[in-house]
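Chemist: For reference, the chains in residue letters:
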Amino acid sequence: MKQINIKNDLCDFCGTCVAVCPVDAIELLEARLVIDYQTCTVCLNCVKVCPLRVLELTA
Amino acid sequence: MNDAYDIIVVGAGPAGSTAAYYAAQQGAKVLLLEKDREIGIPVRCGEAVGEKGIRQVVDLRPEWIANRIEAVRLIAPDGTIVKVQHEDIGFILDRKRFDYDLAMMAAQQGVKIVTKAYVCGLLRANGAVAGVEVLHLGHRYQIPAKIVIGADGVESRVGRWAGLKTQVRLRDMETCVQMVVSNVTLPRQYCDFYFSNQLAPGGYIWVFPKNDHLANVGLGISGEFAAHKPPLAYLKEFVAWRFPQAAILTMVAGGVPCAPLMEEVVTDGLMLIGDAAHQANPLTGGGIVLSMLASRMAGMVAAEAIRENNVSKQRLAAYAKQWEKTHGNSHRRSYRLKDAVYKLTDDDLNRTAAAIAKIPPEQHTIINIFKTALMQHPRLIPDIIKVFLGGN
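For the protein sequence lines, the chains are A and B, in the order given. Take -18 as the starting number for the first sequence in this note's numbering and just add one per residue. Take 258 as the starting number for the second sequence in this note's numbering and just add one per residue.
Derived from the structure by calculation, the hints contain no laboratory data. You may find that some hints are simply not true.
Computed cross-link-like contacts, EDC-like style, restricted to lysine to aspartate or glutamate with a CA-CA straight-line distance of at most 16 angstroms [unchecked claim]: (1) B/K340 to B/E327; (2) B/K422 to B/D316; (3) B/K486 to A/E37; (4) B/K373 to A/E11; (5) B/K286 to B/E520; (6) B/K373 to B/D351; (7) B/K422 to A/E11; (8) B/K467 to B/D358; (9) B/K369 to B/D358.
Beyond 10 angstroms from chain B on every Cβ pair, some chain A residues (computed) [to be verified]: (10) T(-3); (11) V23; (12) N26.
Small disclaimer: the values here were computed from a predicted structure and weren't measured. All C-beta atoms in this analysis are idealised placements derived from N, C-alpha and C, irrespective of residue type, glycine included.
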């Protein structure tokens, strides 16, 4: 199943992805990004907006 | 942490500290929560502010100012430089010290501050927001409050939890990377902005000198263009071209909502301020002064609401109404202008810059520059007329 993978070691924890998520499926802690895969609709907004390409679509 | 408060402010950036300061000054019992370990770090900001603006919101301290700016230079794709002697000359701040001191000033008013405090949910009573749930050093706390103020930045979820529409459209999100670079030689009195669809589509590159050999260099592009090439790739190319000797001391990513004002920024027991309320200028992305102005209003209204024992949406909406009255029109105008500017092709930008270069520099006011742009681009006339007719 297609889902969004987070490369947490590349992430700067800026939260830009959180703001563009239409279903509030992303949570940002001080140094950890978490996706709720039950809620995520794989719209790819977060993948597109990330300044550092931290998020990717995996098959 | 087990106490109850009048007001809990989530996020200790300039907006959060300012709201907390004014609410406490007016007599409210205030708790300020910051998720990170240290206030002021990391600096996700170009750090430039206009002098008139910043003086409206705070008594400036010399130690907050890294550099004084005398003019802005707009640089076209072909390298033509348009120098603007803005009447509102500005500063490059030292945001680390600035944010730190704003929090200290709030503390001196009696605000309790807790860092490493991650707000993970809202408490509710009778349908209204009634406090927050916090994770702090391995413990979970439920802290009651009459009002929660969300100053939790671009990544805000406080508003969403309360049912407000805080989502930013992809095209309205400026996705940014910035670096602090040394080993550069710059005239320190100029802030440079590069406009070019090659260098920064739907956005711009900034070069803000902090002193003669240190600069904050960054780039923001519209989220709709970032899928093809991420901001980091654009910025690396620019720095390699413009500052081949640069040493990169800091690299930080971030996002700025350059969006229309939100329809609703308050609900029963809850207010949003700063980036969480999309209050940055949509054209420039500048948000420090605007968010602090809004936060002062919000903090004062919150304290009044506490005194009157009425924290309903209707009462808290006094803040939203004040903001609309003082900044609604200018926000909408900036948003329309952003749309117009980002429709320009690189040829448009080059021709505009060439035409402006013929105007004597002392007449380089913003109005003259736009008049010239108008003459160069008749097809933009409807947009630009709308922008000016929509003025304050």
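Chemist: Each hint: holds or not?
Modeler: Evaluated hints:
no.	hint	verdict
1	B/K340 to B/E327	holds, 10 angstroms
2	B/K422 to B/D316	violated, 34 angstroms
3	B/K486 to A/E37	holds, 14 angstroms
4	B/K373 to A/E11	holds, 8 angstroms
5	B/K286 to B/E520	violated, 29 angstroms
6	B/K373 to B/D351	violated, 23 angstroms
7	B/K422 to A/E11	violated, 24 angstroms
8	B/K467 to B/D358	violated, 19 angstroms
9	B/K369 to B/D358	holds, 14 angstroms
10	T(-3)	violated, 3 angstroms
11	V23	holds, 14 angstroms
12	N26	violated, 6 angstroms
Figure legend: structure checked against the earlier numbered hints; hints not met, in rising order: 2, 5, 6, 7, 8, 10, 12.
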